[in-house]
Amino acid sequence: MSSLVEVKGVGKVYPGGAKIAALAGIDLTIARGEFTALAGPSGSGKSTLLNLIGTLDRPSEGTIAYEGRVVSSLDAETLSDFRLRALGFVFQAYNLIPVLTAVENVEYPLVLQGVPARTRRAFALEALDWVCLSEYAERRPDLLSGGQQQRVAVARAIVARPSLVLADEPTANLDSKTGAQLLDLMESLNQEHGITLLFSSHDGAVLERARRVVRLQDGRLKSDEARPR
Amino acid sequence: MLRLAWRNVWRNRRRSLINVAAMGFGLAAIMFGQSLIISLQLQLIQKATGSITGHVRVQRSDVDESKFPDKFMADPEPAAKLFAEDRRIVAWGRRIQITGLVSSPSASLGALICAVEPEKERILTDMSSYIKEGAYLEPDGKGIVMGRKIAGRLDVRLGEKVVLMAQAADGSMGAEAFRVVGLHETGSESFDGQIVWVPLKAMQEMLGRPGQANQLAARVVDIEQAETVAGDIDAALAPGNVRAISWKAIDREIISIQAFQNGILSIVLVIVFAIVALGILNTQLMSLFERVREFGVLMAIGARPRWIVRLILAESFLLGLVGAALGLAAGSALIAYFGRCGLPLPVGKAFSYFLPFPSVIYMLPAWRLHALACLSVFVITLLASLPPALRAGRLKPAEALRHV
Ligand SMILES: Nc1ncnc2c1ncn2[C@@H]1O[C@H](COP(=O)(O)OP(=O)(O)O)[C@@H](O)[C@H]1O
Ligand SMILES: [Mg+2]
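If you read the protein sequences in the order shown, they are chains A and B. The working numbering applies: residue 1 is where the first sequence begins, and numbers increase by one. The working numbering applies: residue 230 is where the second sequence begins, and numbers increase by one.
These are computed hints drawn from the structure, not numbers from a lab. Any given hint might turn out to be false.
Claimed, not checked - Beta-carbon label-pair distances, calculated as ranges:
{"hint": "1", "chain 1": "B", "residue 1": "A250", "chain 2": "A", "residue 2": "R32", "range": "51 to 57 Å"}
{"hint": "2", "chain 1": "A", "residue 1": "E138", "chain 2": "B", "residue 2": "F518", "range": "27 to 33 Å"}
{"hint": "3", "chain 1": "B", "residue 1": "F518", "chain 2": "A", "residue 2": "R161", "range": "32 to 38 Å"}
Claimed, not checked - Simulated coverage check for chain B against chain A, where a stretch passes if three residues somewhere in it have a Cβ under 8 Å from a Cβ of chain A:
{"hint": "4", "segment": "526–537"}
{"hint": "5", "segment": "620–627"}
Positions of the beta carbon are idealized from the N, C-alpha and C atoms, including for glycine.
Use the sequences and the hints to build the structure in full.
The structure is reproduced here in structure tokens:
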């Protein structure tokens, strides 16, 4: 498998916070097609690492490279474009745009890319189909359940065919059954559509599902184990 | 983006409505003020020039007060010829204005005597339209027209005689008896109580100044052209002590009233705009604060910071558009209503001391000014949302996403 993301010697100290590092000395490589979980207790640095890999924040030290291209030093506009084309995000709190319908939310990355209206609607409907929400396409987020909203978020994350989808505790706001369904979905996206996924969780049952589990503790890498099926 | 912006505008319906209503109300109020002042000024100019001043006048350049040129022109005929030949001039007439004494058997009063060519004056001014008893002057004969007020003070009635006295050419006192042929009522103290009108010819005889006049007054097709026409006539006049001037050089107090009103209007404009701007700034800051996380999401899915700035500006643009449309509609409706039904205005009474001024104003739209006000509301809206927009553009995605 070819390597997609390479994290080298990354550390993060938050300027406002205590001067202890939220992350330190992280080396991590993620290959195309992986289905990886970031594990660790609350405050261990999972979100911080995901934000750094997702180029939403800059590391205090070290570099992050995508297919050999160092992204950690690019300017804000270039990073936006990079995220637009290469990354998809799912957040703990769904984070859909409340004034847009499900399908409009899903197609928004394509709007930003300047894809013509008809094409992007087709892509968006297809993505909604993958998450089994076709019949809710015209609903606004407030009329969807938490699980449904999170699936819409997943559809939005994959609609532009990113190389990597990052999900920070995607199941934390869902009950265990709905959470399990979301994991089913993510797994099938990974297996059937070859989407590379990196998600974080502190829930053991959720971590069970990953093929590789990277453990963090106090901002350091504790273990990195593959779980072949 | 416009779709998203539009929906964002209506996301907090009540807040946006309040904003739009404030903008609309402000704009409508400004339009009303503009229209009122413009209509008032127009009315004032029309009444002043249309009752006595005229649009363009030829008179001696060495008079003390250009409103009442008391010095006689040696020969008014070259200027009369210029007036007669100018196609921009609708009507013109020779006049003598002189202060004198009006006496009846029971009283004597000082008055301004206006000697006019009646057949020309009928078109030049609207004074003949105020006649309530009798008729307007005839060119020949010794008729006199005056207000009911002054007639009352003199205790004379239609058909009775009064004697006019004024200084003649040779320095002696000229005197003549005139029969009251018409009584008018304009509602103006000056016009009803202090001025009398007689035919030019009779006055020339009385003063021993045959063929002379102390002013030539003209009415032009388009009052906007008055200054140009005055300039052209002035240039065509032979060098000497006679010149042509427009009403603006004569009724200078109207010009200063205009400047004063325009100044007040500008101040009100600035205040209203400041209120609108603060409202928008406040709304946009609030809505920005509530949506920080959403901007984080948009940035995470690939929106550039500049795009976020544009989104917020687009929202203001739409808000401004709706507000301006509302204001324009409300303002136009208001002006149209008072244009048709008239607006009773106590200020008319104040003016009517000096002029025959109506106490009801029919409002006219001043589209150029209204458009300017509209545009200003618009620009102000955009400017007011610039600081919040730029602030949103500086958000860092990770921090924005953490925002609750
Ligand atoms: N914006 C911030 N400012 C200061 N400290 C922060 C900030 N975000 C996270 N931290 C700190 O960094 C550490 C890691 O946090 P985080 O990455 O959110 O952990 P996790 O997602 O695993 O719960 C914690 O100690 C947290 O308090
Ligand atoms: Mg976290």
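Results of checking the hints against the structure:
1. B:A250 with A:R32: 51 to 57 Å: At roughly 56 Å between Cβ atoms, A:R32 and B:A250 fall inside 51 to 57 Å, so the hint holds.
2. A:E138 with B:F518: 27 to 33 Å: Roughly 30 Å apart at Cβ, these two residues keep to the hinted range, so it holds.
3. B:F518 with A:R161: 32 to 38 Å: holds (35 Å)
4. 526–537: The restraint on the segment 526–537 of chain B holds, since 11 of its residues have a Cβ under 8 Å from chain A and three suffice.
5. 620–627: holds (count 3)
In this structure, every one of the numbered hints holds.
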